[in-house]
Each structure stands twice: as structure tokens, then as C-alpha cells.
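Peer 1: Each chain, letter by letter, is given below.
2 protein chains.
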Amino acid sequence: MKILNLEQIKNILPDIDLIQVIENGFAALSQKRAVVPPVAELLFKDPPGEVHIKYGYIIGDDLYVIKIASGFYNSKEPGTSLNNGLMLLFNRKTGQVESIFFDEGYLTNIRTAAAGAIAAKYLAPEKITCIGIIGAGIQARLQLEYLKSVVKSRDAVVWGLNEKELENFKNDMTGSGFNIKTTLDTGEVAESCNLIVTVTPSRKPLLHSEQIKKGTHITAVGSDIPEKQELDSKILQKADMVVADSIDQCLVRGEISHALRNNLIKKEKLIELGEIISGSKKGRTSDDEITVADLTGVAVQDIQISKAVYKSSKS
Amino acid sequence: MKILNLEQIKNILPDIDLIQVIENGFAALSQKRAVVPPVAELLFKDPPGEVHIKYGYIIGDDLYVIKIASGFYNSKEPGTSLNNGLMLLFNRKTGQVESIFFDEGYLTNIRTAAAGAIAAKYLAPEKITCIGIIGAGIQARLQLEYLKSVVKSRDAVVWGLNEKELENFKNDMTGSGFNIKTTLDTGEVAESCNLIVTVTPSRKPLLHSEQIKKGTHITAVGSDIPEKQELDSKILQKADMVVADSIDQCLVRGEISHALRNNLIKKEKLIELGEIISGSKKGRTSDDEITVADLTGVAVQDIQISKAVYKSSKS
Chain X
189 MKILNLEQIK NILPDIDLIQ VIENGFAALS QKRAVVPPVA ELLFKDPPGE VHIKYGYIIG
249 DDLYVIKIAS GFYNSKEPGT SLNNGLMLLF NRKTGQVESI FFDEGYLTNI RTAAAGAIAA
309 KYLAPEKITC IGIIGAGIQA RLQLEYLKSV VKSRDAVVWG LNEKELENFK NDMTGSGFNI
369 KTTLDTGEVA ESCNLIVTVT PSRKPLLHSE QIKKGTHITA VGSDIPEKQE LDSKILQKAD
429 MVVADSIDQC LVRGEISHAL RNNLIKKEKL IELGEIISGS KKGRTSDDEI TVADLTGVAV
489 QDIQISKAVY KSSKS
Chain F
189 MKILNLEQIK NILPDIDLIQ VIENGFAALS QKRAVVPPVA ELLFKDPPGE VHIKYGYIIG
249 DDLYVIKIAS GFYNSKEPGT SLNNGLMLLF NRKTGQVESI FFDEGYLTNI RTAAAGAIAA
309 KYLAPEKITC IGIIGAGIQA RLQLEYLKSV VKSRDAVVWG LNEKELENFK NDMTGSGFNI
369 KTTLDTGEVA ESCNLIVTVT PSRKPLLHSE QIKKGTHITA VGSDIPEKQE LDSKILQKAD
429 MVVADSIDQC LVRGEISHAL RNNLIKKEKL IELGEIISGS KKGRTSDDEI TVADLTGVAV
489 QDIQISKAVY KSSKS
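Going line by line, the protein sequences match chains X and F. 189 is the number of the first residue of the first sequence in the working numbering; add one for each residue after it. 189 is the number of the first residue of the second sequence in the working numbering; add one for each residue after it.
Simulated from the structure, these hints should not be mistaken for lab results. Don't take each hint at face value.
[Unchecked claim] Below are the SDA-like pairs computed for lysine to any residue, each with C-alpha atoms no more than 20 Å apart in a straight line:
1. F:Lys281 with X:Glu229
2. X:Lys233 with F:Thr282
3. X:Lys233 with F:Asp205
4. F:Lys502 with F:Tyr310
5. X:Lys281 with F:Leu231
6. F:Lys190 with X:Lys281
For clarity, every value in this text was computed on a predicted model and none was experimentally measured.
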């Protein structure tokens, strides 16, 4: 049994072509080559917290993967959360534990950022005026970092809850290669940027339909449980294309679930990211379209990133 | 983080009053003091295998528990399965891993046997003629061992698939304190025993309604997925009392789920084991009754046994 800690995992990651690895996972999911049961979860109140168990396997693989990721209220730093978790790889013929990664939730953050880059690769307009980020936490930083490989623009407008959070963000991103403007008004992001990524745990919409201009792509990353929502559902109604990471999963969680419950979009209109990756469906077809990608976080991402780390750790 | 291997766990177990620990779990479940979401699972074909993820917490506890247990087809010893698994204990306020037990599925076997003893304690008739066991695998051995603490009879009739399996069983149980008769006919078990435990992975009924005499208690342990069935559903129809380890869980898996689907029993008739333990419902009221306990295996058992092992490992 191979046990890896966070430091070891961080050392291995640069050797992996993550975009490719995660793309292959989405393609497998859409081609029904992956078994990914519904997310198992524990939701805690008082103090609040969430635990997600995402698990499954790619058909034909000799491993199955169970990923546990948690977020708890941080009583020491209000407004932030304590993330943690681990990934477990098992032998598909015996159930033996092959490997455990004590990644403390890090690989979940990374595979989420990689999915954001993939959504932008296939759905963002040709020419990006600037990258808008709604949210200023860890995932906001990672999204920008991973977008670098698929987007040329190095201009970003970042929205946060308060000046302090934005100041920290700007400081942390010094040397990242991005020119960062900050704002407390999401409208400013929508006005100036045609690629927007939302990365908050908000339970009410932060972006509204009337703010969104033609030719904008939005990747919504924050909503992973039915209670969370970052986008006014009318944005999805207005969109020319609504893409799910997993249609099955987005029927019950994420932005799409809200829009479906409000009867603002039809299930039949939905496209899966893996269908675009594998070429069976088209991505963006013109620079005028409004496109939305709803990323709720799918076990295939965890399966793919953990397999890649495991393989690399043995080489 | 405390890591325990199977040997360490086996050394700790004798210090624990398991019957009490598991009874407390069932009582907590029935009194809604436990959070136990539906079982998460992976079912493999070719080669066949099952992985169950059972998880949750007792409200007010400072830990939550995720248990993974698997059974795979054993290509080396046909007819047997490879069991494996582990238990993970997490801090309920931070999501940090507090402890991992590499129990290889052992604690799942033990907490299952303890539940069998508890069912017999509350539901078996006063005077046991002999203990019938349908099945001759590991769980058959453990059920007899754990029944010792609640039942006086040391006579057992054991049914198995073939003479070889039964011979092995008899040899293994030398020195167990039981007089063991073996049979290839389940009718013989039903005829002579008034406490019967079924512990097979059968997908078709092994015991039939017309075989079951008045004053018999049956504990059905083997069926933990919807596809498995050990009892003819008419036995549940005929029974004076049908007890579930978890009513919610038995609606979709176990013997009760089959009887409900066939409209042979009513949901309203069901009693939960924890209701009997806590005294809010009565167990067996006369020696003439036929009673059935359907044990599908509930996360509260895993939570309770792992907490007890953890506590004992620190003392």
C-alpha cells in the first residue's frame, strides 16, 4: 500500500498533463465508460460543514476510487472554511487498498480548477477581453492559474465580499503574471469581462441576467449542493448553450438544478462537457453566444487525477 | 492520526462490551439521534464484486465515520469471497482524519454477528431447542460465537451447499462448545430449530413458509442488496412480528424489501430493532409467535464499533 502526503502529491503534480487527464475523464463519463453513482454526503449544522464522498471507476480499469472531501466552518477565521479530505484507491478485483493520498482536499481543488480551464477551452469566445472571477478564495486563485494554459488574456477583474479579502488576493497573486483589478460590484465584472468564473459558496445569485452581455462565457463552479446558487436562473434561460459536467448530477445539484426546478430550461437542451470534448457535440459556434458551464464536481475527475498521481508516484 | 491494523484491532476487541455498544447504536437510530444517509455502493460484474460505503454520525458526537467494506469473487477458492475494507474516523468540526482502521472487513463481520445476538436476545423464544444456521461461511461461525452470550443452547444444526463446506465448518468449530449437526436440507434446520440465522449471499429463497413452525425466530443476515433474498416472502407475511435493523434501509434492500414489493406485508407493520431495545415497542410476547429480524447492516453499527475501538485504543 502506497501512502502519499500533501507534500509528496504537490511534488508529483507538475509531471502530470492534468488538462488531458481530466478531459479523458469527462469524455469517459459522457461515453458511459465510467461508473459514477450519485454523490454521498453528510451535511452538518451548528457548526456547519459538508462532507462529500465521490466514488466510482472507469470501466476496464484495475482500480476504483473513493474520494472524501470536507469543508467546515472556520471558527478562527470567520468567512473562510477548513477544507480537508483524502483519496483512496482500491484494487478492482480484490478490494485491497492500493493507495491512500492524504491530500487534505488539495486534489479536489486542483481537479476543479482544471475543469474550469477545460470549460474555457471549449466554450470561451476566441478573444478574451478580460477574465472575471466572482470570489476571492483559494479556488479563485487556482482558476486563474489553470486558465493560463488555455487563455491568452492576463487581465483579470476579481469580485470579493470586502476590501480586505481583495487586498489579500491581490497580494497573493503578485508575480502570477496577471494584471488584477478588484471590485465589490459584480456588475463591473460582467460589464468588462467576457469569460467569468464564479467560485463562491453563495446561496443566492450573485450575477443577474440583465448584467450578462452577448458573447460571454460563464463557468459556475461554486454550487455543488442543491442549496447553493451563484447565477440567477434567468441567465441559463437566456444562454445559447448550457453545459453540465454531469447531466445526471446537475439534475439535482448546481445552477442547472435551480433553472430546471424553475422551469426556465429544458433537460433536453443540456449538453455534457464530455460530449464536446469527444466531438459528438459542438462547443461555442460564434463569438456572440452566451454560454454557461455548470461544474458541480464529478467523481471521474477524482478518479482521473488520483490514477495519474498514483501512476506517476510509481515511475 | 491513529492507524490500527487488523491484529491491533483484534487485540482491542475483547475489552469492548460489543452487544451494549451496538444496542446503543440501534437505539440512537430509532430515536433519530443518528444521521445515516442511504448506503453508497459499487456493484461490479465480471468478475463480480460489491463495495458498500456506510457512513454517518451520532448527533452530538465529535466524530463522524465512513466505513468501506467489499466482497469480491475469489478466483482461487471458488464459492468463497474475498472480503476487505477499512474504517475512517473524522473530526466532526474540522474534517481531519482522526483514525484509520485497516480491519480488512473484520469489524463489519463482528458488528454483524453482534446484531444477530441482539436480535436473538429480544426476539428468540425463551427456550431454544437448537440453533439453526443456514450458511457455513465466516459469518455462520461468528453468529454462533456471539449467540453464546445471549442463548443457553449449545446445539446447532448447520446447513451448507456441500459436504466439504460442512466438514470444514465442523472442523473449525471443534472446541467452540457447540454440538454441531450438519445437513444439506434446510427443511431439517426448520424442523428441529426454533432460532434460525440465515447468513448466505443467496439470490433465491432458501427457507419456505410451509417449513416454518410456530414459535420460531429467524434472523436474516445475508441480504444486504436488493438482489439478494434468503427467505420466501410468505414467511414475513406469516410472521407475527417483522423487525428491521433500519426501516428506511429495509424499504429498498433485504428480505423486507421483497415482501413489500410483493405486497405481502405493510410498511406500517414494521418495527425497528432499536425501538425494542429502547423499550418503546415490545419484542416477542409469547413462545408461539413467529418473528423475523431483517438485518441489512446499518452504519450506526459501524459508527459504534469504530468509536469503541478508537476509545479503547487510546486508553
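Peer 1: Are the hints correct? Go through all of them and say.
Peer 2: A quick look at each hint next to the structure:
{"no.": "1", "hint": "F:Lys281 with X:Glu229", "verdict": "holds (15 Å)"}
{"no.": "2", "hint": "X:Lys233 with F:Thr282", "verdict": "holds (13 Å)"}
{"no.": "3", "hint": "X:Lys233 with F:Asp205", "verdict": "violated (31 Å)"}
{"no.": "4", "hint": "F:Lys502 with F:Tyr310", "verdict": "violated (32 Å)"}
{"no.": "5", "hint": "X:Lys281 with F:Leu231", "verdict": "holds (12 Å)"}
{"no.": "6", "hint": "F:Lys190 with X:Lys281", "verdict": "violated (28 Å)"}
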